[in-house]
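With these hints in hand, go ahead and build the complete structure from the sequences.
Going by our numbering, the first residue of the sequence shown is number 1, and it counts up by one from there.
Think of the hints as simulated: they come from the structure by calculation, not from any bench. Please note: incorrect hints may appear among the correct ones.
[Said to hold, decoys possible] Straight-line distance between alpha carbons at most 25 Å, and here's what the computed DSS-like set of lysine-lysine pairs gives:
# : residue 1 : residue 2
1 : K153      : K59
2 : K58       : K74
3 : K74       : K134
4 : K146      : K134
5 : K74       : K59
6 : K134      : K58
7 : K74       : K153
8 : K59       : K146
[What the hints assert, rightly or not] Distance windows between CB atoms, simulated:
#  : residue 1 : residue 2 : range
9  : G142      : H95       : 22 to 28 Å
10 : R48       : K134      : 27 to 33 Å
11 : H145      : E33       : 32 to 38 Å
12 : V126      : S83       : 19 to 25 Å
13 : N57       : E37       : 22 to 28 Å
14 : F156      : P51       : 21 to 27 Å
15 : A24       : E119      : 28 to 34 Å
16 : V126      : P51       : 15 to 21 Å
17 : Y26       : M149      : 32 to 38 Å
18 : N53       : K146      : 33 to 39 Å
19 : K146      : K58       : 29 to 35 Å
20 : P51       : S116      : 21 to 27 Å
In this text, all values refer to a predicted model and were calculated from it rather than measured experimentally. Note that the Cβ used here is the ideal one computed from N, Cα and C, for glycine as well.
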Amino acid sequence: MTIGMRYHFLLFVLLFALSCAPDAIYSRLETIETIIEEYPDSALIMIREIPSNQITNKKSLAIYSLLHAMALDKNHIDITSDSVISPALSYYRLHGSSDDKMKAFYYRGVAENNASDWEEALNFYVRAERFEDKCNDRIAVGRLHKAKMLIYKDIFEFEKADLEG
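Next up, the structure:
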């Protein structure tokens, strides 16, 4: 076990030692957000350990919802409905950063793409694109463009996918 893995394991254990108070839940969500890119499997375990019925405010529910959708996607667990991402999308339509808004629309599009509804997926991807100029997370922006390109490729609109250029 590497030092980094030990650190994350200890952090994981510490989180479980915390109570389920609203501040503790918010703190757990912040921790999950910091590890989700590098350790999506641990992030998913941590998300699933949070009792969703104890999330008492809309902001925390939105963060939980977005992180849950991200963790599922990063662990190659395809969701085909909006049930996971819906609270995040509802909240981030009016609140949050451009990164939050873009990701909420993107992961809603991912659910539609997984359900093979490419038109609706593109609709959500285009809505996500509206926030890309103000986004700090350039990796997320890249994922958005790759997802759009793959749909254009799948529906044989190669000019829009820019595969030849």
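Quick rundown of the hints versus the structure:
With a C-alpha separation of about 36 Å, the suggested pairing of K153 with K59 is violated against the 25 Å cut-off. A threshold of 25 Å between alpha carbons decides the hint, and for K58 with K74 the separation of about 24 Å falls inside it, so the pair holds. Between the alpha carbons of K74 and K134 the distance comes to roughly 24 Å, so the proposed pair stays at or under 25 Å and holds. Taking the CA atoms of K146 and K134, the gap is about 19 Å. The hint holds against a cut of 25 Å.
For the given pair, K74 sits about 22 Å from K59 by alpha-carbon distance, which is consistent with the 25 Å threshold. A C-alpha spacing of about 23 Å is found between K134 and K58, which places the hinted pair at or below 25 Å, so the restraint holds. Of the pairs offered as hints, the one joining K74 and K153 holds, with about 22 Å between alpha carbons and a cut-off of 25 Å not exceeded. With a CA separation close to 29 Å, the supplied pair K59 and K146 exceeds the 25 Å bound.
Between G142 and H95, the C-beta spacing of about 25 Å keeps the proposed range 22 to 28 Å intact. Checked against the hint of 27 to 33 Å, the C-beta distance between R48 and K134 comes to roughly 32 Å, which is consistent with it. Look at H145 against E33: about 22 Å separates their beta carbons, and that is not inside 32 to 38 Å. A C-beta distance of roughly 22 Å is found between V126 and S83, which places it inside the suggested range of 19 to 25 Å.
For N57 and E37, the hinted distance range of 22 to 28 Å is satisfied, since their beta carbons lie about 25 Å from each other. F156 and P51 have their C-beta atoms about 46 Å apart, which leaves the hinted 21 to 27 Å range violated. The supplied range of 28 to 34 Å is broken by A24 and E119, whose beta-carbon atoms lie about 42 Å from each other. The supplied range of 15 to 21 Å is broken by V126 and P51, whose beta-carbon atoms lie about 36 Å from each other.
The hinted window of 32 to 38 Å between Y26 and M149 holds, with their beta carbons roughly 36 Å apart. Judged by the Cβ atoms, the range 33 to 39 Å given for N53 and K146 holds: they are separated by roughly 36 Å. The beta-carbon spacing between K146 and K58, approximately 31 Å, falls within the hinted interval of 29 to 35 Å. A beta carbon spacing of about 33 Å between P51 and S116 contradicts the range 21 to 27 Å that was offered as a hint.
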